[in-house]
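Q: Could you put together the complete structure from these sequences and hints?
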Amino acid sequence: MPTQVTPESVEKTIYDGLVELGTERDLLSREATLESLDVDSLDLVELAQIVEDEFGVELRGDDVKDVKTVGEVIDLVVSKAG
Amino acid sequence: MTRRVVITGVGAVTPLGVGAEPLIERWVAGESGIEDGFGRCREFDPLDFLSKKEARRCDRFAQMAIVAAKEAIEQSGDEDGLPYEPHRIGCVIGTGIGGLPSFEEQTRKLIERGEKAVSPLAVPLMMGNAAAAAVAMRHGLHGHTYGVVSACAAGAHALGDASRIIRAGDADAVLAGGAEAAITGVATAAFAAMEATSPTGISRPFDARRDGFVMGEGAGVLVLEEKEAAQARGAEILGELLGYGATCDGFHLTAPQPEGIEAARAISLAVADAGLAATDVDYVNAHGTSTPLNDRSETMALKLALGERAGEIPVSSTKSSIGHLLGAAGAVEAIATVESLRRRVAPPTVGWEEAEEGLDLDYVPGASKPIENGEGPLIGVSNSFGFGGHNAVLCIAA
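As given, the protein sequences belong to chains A and B, one line each in that order.
Throughout the first sequence, residue numbering follows the numbering used here, covering 57 to 138 in sequence.
Throughout the second sequence, residue numbering follows the numbering used here, covering 1042 to 1439 in sequence.
You may find that some hints are simply not true.
So the derived label-pair ranges between C-beta atoms look like this [unchecked claim]:
hint: 1; chain 1: B; residue 1: Ala-1158; chain 2: A; residue 2: Glu-80; range: 22 to 32 Å
hint: 2; chain 1: B; residue 1: Glu-1072; chain 2: A; residue 2: Asp-131; range: 39 to 49 Å
hint: 3; chain 1: A; residue 1: Lys-136; chain 2: B; residue 2: Ala-1158; range: 12 to 22 Å
hint: 4; chain 1: A; residue 1: Gly-112; chain 2: B; residue 2: Met-1235; range: 40 to 50 Å
Calculated directly from the structure, the hints in this document are not laboratory data.
Predicted model, so just to flag it, every value in this text is computed and none were measured.
Where is the CB? At the ideal position from N, CA and C, for every residue including glycine.
A: Here it is in structure tokens:
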């Protein structure tokens, strides 16, 4: 069963996922930009796989192409689930 | 003006340790890095050198290439790298297969969990040019950059091609080498299925008891540089890549042509390309895989190419100490060759004890021995042959 989508559960999954992809946990915040974290398009696709595994929410390239910050990624997942 | 190519930096990751120094020092001492039938780089931890992100975006062979390249650049240049315009520096790195561990892992995911489980990193991890791309990206190189794929001759082809790029005037320096890390379930089973690997797990090239090669892994990268430019910047010149010869048996998928005719031609071409004669050769770093077929045909090739003096020239195989590094072998062995010549010593074919009829060259049994030939530069030949009949031979002076 997928995990229930809440802002908190999504934040935890996104943070853990970014750390798994090589980002320093200390640098993570909702305001941090993906660019400042060196998160590129390949990272976003991997992150989308992690999100889908966890919540059953599918993110496509088009969904994330304008996303700038970690907080926006979290909000996007929450809104897609809703 | 004839452009010439010198070696100004070397870097290696091998079963004898991380660095070119442990490779040459331990081989000269007659030590072996083979354990339990494999030449693994047990001391290599990518996170000692790469960020977590960089490491997970490279398969093991590319990680090793990055580390070997870093060592070579640091020896040749300074902390800012090599003092040439980035578009005048190339990167050519050979491999037999590329990121096989990633290929196997992603295939497993596809079968067990379906298409959506396959990583977007799968292709850049697997591709055979990944090592060259990773090194170029790390150092911001913009010259000729690509991978070379010719099985166990790939490392030597990479060096030979790189020297041609410099000679043609298309680059002033090229990071050239080979990398392989394919000790996986599929590769191990496949080499065993074709009875290429040693069932006893012992690498003893040219010995009558040899029964196949021992799989190894690692990387070797050299900084090749145009000679006058290297001299002008005061670089320490470790040796000169004088000649390159490449041929193909055009004979069989895996077996060498038994008389070594095309391998001999590659040796002769390399020596002639160097402007030398067979009588000038002081040392041979053999391909010497420890397979029954290679070591016999290679011995015949050396006799064909080197003539009457073949029996007087020390011939030894690095694979006796580290196993067969496949696509990395030619590059690692070129480093071993230049460092042997610099020390004026022929390292031993470790473990050689029993002669076989017809295999009667000086395989340097037991221990290293001095290479005797006055005070001037010594001339070495390094052979690499690959499945598919590929023969690539380098002629090196140091």
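Q: Hints first: check each against the structure and report whether it holds.
A: Evaluated hints:
Take Ala-1158/B and Glu-80/A: their Cβ atoms lie about 27 Å apart, and the range 22 to 32 Å holds. The supplied range of 39 to 49 Å is broken by Glu-1072/B and Asp-131/A, whose beta-carbon atoms lie about 59 Å from each other. Between Lys-136/A and Ala-1158/B the CB atoms are about 20 Å apart, so this pair conforms to the stated range of 12 to 22 Å. Distance hint check: the CB atoms of Gly-112/A and Met-1235/B are about 45 Å apart, consistent with the given range 40 to 50 Å.
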